[in-house]
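Chemist: Fit chain B to the supplied structure of chain A, relying on the hints for placement.
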Amino acid sequence: MPIGIAASFRFAGPRKEKKKKKLGGARMEPPPPPPPPPLGTTVTQRDQWTVEQEVGRIYSFFAQLPPAAQSFALEVQRDNHIEYLTRGLRGLAPSFGSLDASRPWICYWIIHSLALLGEPIDAELEESIIDFLSRCQDPSGGYGGGPGQLPHLATTYAAVNSLITLGGSRSLSSINRDKVHNFLRQMKQPSGGFRMHDGGEIDVRACYTAISVASTLNILDDELAEKVGDFILSCQTYEGGIAGEPGSEAHGGYTFCGLATMILINEVDRLDLSRLIDWVVFRQGVECGFQGRVNKLVDGCYSFWQGGACALLQKLHPFGLSEGGEDESTDSIDSSLYAASNVSEQEEQENNLESASPQVDGTCQFKQGGPQSASCSENTGNASYNFHERCAEGGSLFNSSALQQYILLCSQLPEGGFRDKPGKFRDFYHTCYCLSGLTVCQYSRSKHADSPPLPWDVVGPYSNLLEPIHPLHNVVLSKYQEANEFFAG
Amino acid sequence: MDGRRIVKVWRLHHRRWVAEKLGPDAASRELEFTRKILCLDAKNYHAWSHRQWVLQALGGWEDELAYCAQLLEEDVFNNSAWNQRYFVITKSPFLGGLKAMRDSEVDYAIEAIDANPENESPWRYLRGLYNDENEAWLNDSRVHSACLRVLKAKRNFKFALSSLLDLLGLGFKPNQEIKDAITSLRTSDSGEAGSDSDLANSVCSILGREDPMRANYWTWRSSKLSPQAAEV
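If you read the sequences in order, they're chains A and B.
First residue of the first sequence: 1, per the working numbering; consecutive thereafter.
First residue of the second sequence: 1001, per the working numbering; consecutive thereafter.
So here's chain B without its partners, still in its complex pose:
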């Protein structure tokens, strides 16, 4: 909201107006223009929204998924590129939509998670692939297997635990391996329960310890657990 940003947005909006007048031929030129900005500043918010406008209004989708892959190759932590990837897989007329793309995208996200479990982007992306389809998310074994791998490594497992907590809240029934992995992260703190029936509460306690910045949030999550989720 500072002055320079107001000017930038206006200029990009003016480009839209011009591009609209010039028609579909403007697509590749506008995409090239945003590519140049993103080369210098790969997360520039207005360049990305202009790029999305160009794709939807003028086309040029063919190379966009590859472009996202390239940016993520350069910086897998670039959340704007992950967001663009989501945009492409859901909206591109060449790709068949979210459901058609989901399977390969789950693999893609999990590969990124395995490489850098501390990277929040692929975790949110993975969750986003399932959106409201909770059953499908619960039943995709790749998801909880990924969580398990991260837990077993005992480093950077905050998002893995958080995902498990979300899963448990939706009725996920973890196998013994997952239960053991969670148990092994407990300490003898009084805050962490000793019995199976409090698995979700355990997860909250561990998170309260490992992620103290969000201590209040984990306490609140704990208080929101349904009896169904708590008893595992």
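Just chain A, same shape as in the assembly:
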């Protein structure tokens, strides 16, 4: 930390997260009065100092509240968030001038947020969204930012995730998988990466959006996956994190995208995981939230990008000690995968673990018979389907209660919505990713992907509990499962 204010934030949360917490969240020591910024400081130091002051004020105010008020301050303001989100969804139709290219994104941010809060969407509204997104579909495949706009990988990802989140056969069958597949193939580059759109940029985010969509729609094949790993590997930087393009700076958003993609194509062990883990865990600062890059400011959205990356990494390495106190030696990724012991018998039959990798298994019927072949589900998407079943052993890699504290006290607005940091305005993007980060935290120590967390894993009242997500796609787990079955044919 640039300035010695850090000491004042000493977060006195319990080291062993197994201790039961009192209602009102983790204990903190109120910071001493802030000194003025020292002379001769740099822009980074001054900006950081300013944020620390602001966040410090919030935490010290919280610390002196009586328990009942603390409990209230830590509550997820469901009703107000739902109202903010629903108004936003209704307002989409006539709208949003400069964000015209991003309406599918706004759909996803809002719909996913409502799903995390467990709030169903009114049937009529749902129908109009499905219609709207259908009109964003390009005749030759993929989804654009709005009707008549050229298709784009990011908006395709947003549209598909929105439709999956809405669920139901009308929503899911509105997706023309053949055409999406064609679009993905067109965006595929010889280097292995993907272009965001025709003539667009090639980066790690494009890879993620393409592979994630391919996986959820069960159209991920060797052709799409080929050399993606090479490209992403070339984007892991000297710092340990992953950049958008080779040579660029390690960045939280791209780190999540790169890591998730590698897992989906079963090549995650090619990354230098120990350097990656080291980089990511150091992104959580004294403010308790995550920053996107070294020496940058905390931002609520990284609760998901960085927190989510940690959640993925936890599942790859046996993390923490086993109950017997024995040392968990580092397993190979393969043996960790096959050791995921809680896959039900039925799932085991449906998903042949031996042929998890789309690259290893050459008999994916998709290539022969098209996307409607039922047996394709046995081969593609396995990495994704089984991944969320893995156990995160022991504690979480990041400080889950600290992050929840930041999200609830610094990002959450009592009147509804979430923001980057104090002093910024709320928006749907931050609402989506703060809530996504929150659910990641809540389930970060759950043995199974959707088993309810223990009370002390949820900061604030237990009613704060959100729906669990599939950590690779950031879609509510039950909706992912419904889609997985639907697209299996």
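Derived from the structure by calculation, the hints contain no laboratory data.
On a predicted model such as this, the values are computed, not experimentally measured, just so you know.
Mixed in with the good hints there might be a few duds.
Unchecked claim - Listed below are the simulated DSBU-like cross-link pairs for lysine-lysine, each with C-alpha atoms no more than 35 Å apart in a straight line:
{"#": "1", "chain 1": "B", "residue 1": "K1152", "chain 2": "B", "residue 2": "K1179"}
{"#": "2", "chain 1": "A", "residue 1": "K447", "chain 2": "B", "residue 2": "K1224"}
{"#": "3", "chain 1": "B", "residue 1": "K1091", "chain 2": "A", "residue 2": "K227"}
{"#": "4", "chain 1": "A", "residue 1": "K424", "chain 2": "B", "residue 2": "K1036"}
{"#": "5", "chain 1": "B", "residue 1": "K1154", "chain 2": "B", "residue 2": "K1224"}
What the hints assert, rightly or not - If you want the ones that stay clear, here's a sample from chain B, every Cβ over 12 Å from chain A, calculated:
{"#": "6", "residue": "A1081"}
{"#": "7", "residue": "E1118"}
{"#": "8", "residue": "G1169"}
{"#": "9", "residue": "D1198"}
What the hints assert, rightly or not - Over the 10 Å line for every Cβ pair with chain A, so calculated as not near, a few chain B residues:
{"#": "10", "residue": "A1026"}
{"#": "11", "residue": "R1035"}
{"#": "12", "residue": "L1058"}
{"#": "13", "residue": "S1104"}
{"#": "14", "residue": "Y1108"}
{"#": "15", "residue": "K1179"}
All residues carry an ideal CB built from backbone N, CA and C; glycine is no exception.
Modeler: Chain B only, in chain A's frame:
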């Protein structure tokens, strides 16, 4: 991923397309363009990636190291400038590559560390200079000397300890001075071992105390220590 950022990226990508058509003369104009953006926002992600694209596609490397030095002079915490520096020393056709540049860059990074040991950027940069060459990293005495200096000052030593932990994990054999410096940071906590054979574990314990945000991570690192590393 918000709407404004989507537009920015598209515009810069369009500039690439245009610059490609115009050829090498476009280099200085594009570099000047990104310089202006970076003047206002020295960490602008897309300006930096556009700048990197310009250098690789159109050239203009000659002044880039000096540009990084200037930015770091203004703000030594600017991680984007450190990243650009790494890009330049590894890719510039005028500089001979990472190995040729390593020696002077180690000195540069350590100077920054000595001035501000709490600055994460030069620590990661220093580690990056050695990349996969663990032997060379272990054997560069400047690295562990820098760690020692920071430990002895007893302030802002989190990255120094973390680096030592990484070194120990790779088989580094610390001298008595380093062992003493670590010992002097112990408290009488039961979590911190009293004997030499648990030096790496000590380091983990100290870190667990000094860097509680990453308490779980340090516990995990401790559990991953090879018997070789633990016995020093």
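Chemist: If a hint holds in the structure, say so; if it does not, say that too.
Modeler: Quick rundown of the hints versus the structure:
no.	hint	in the structure
1	B:K1152 - B:K1179	holds, 11 Å
2	A:K447 - B:K1224	holds, 21 Å
3	B:K1091 - A:K227	holds, 23 Å
4	A:K424 - B:K1036	holds, 25 Å
5	B:K1154 - B:K1224	holds, 26 Å
6	A1081	violated, 10 Å
7	E1118	violated, 6 Å
8	G1169	violated, 9 Å
9	D1198	holds, 14 Å
10	A1026	holds, 18 Å
11	R1035	holds, 16 Å
12	L1058	holds, 15 Å
13	S1104	holds, 17 Å
14	Y1108	holds, 15 Å
15	K1179	holds, 24 Å
Violated hints, listed in ascending order, are 6, 7, 8; each of the other numbered hints is respected by the structure.
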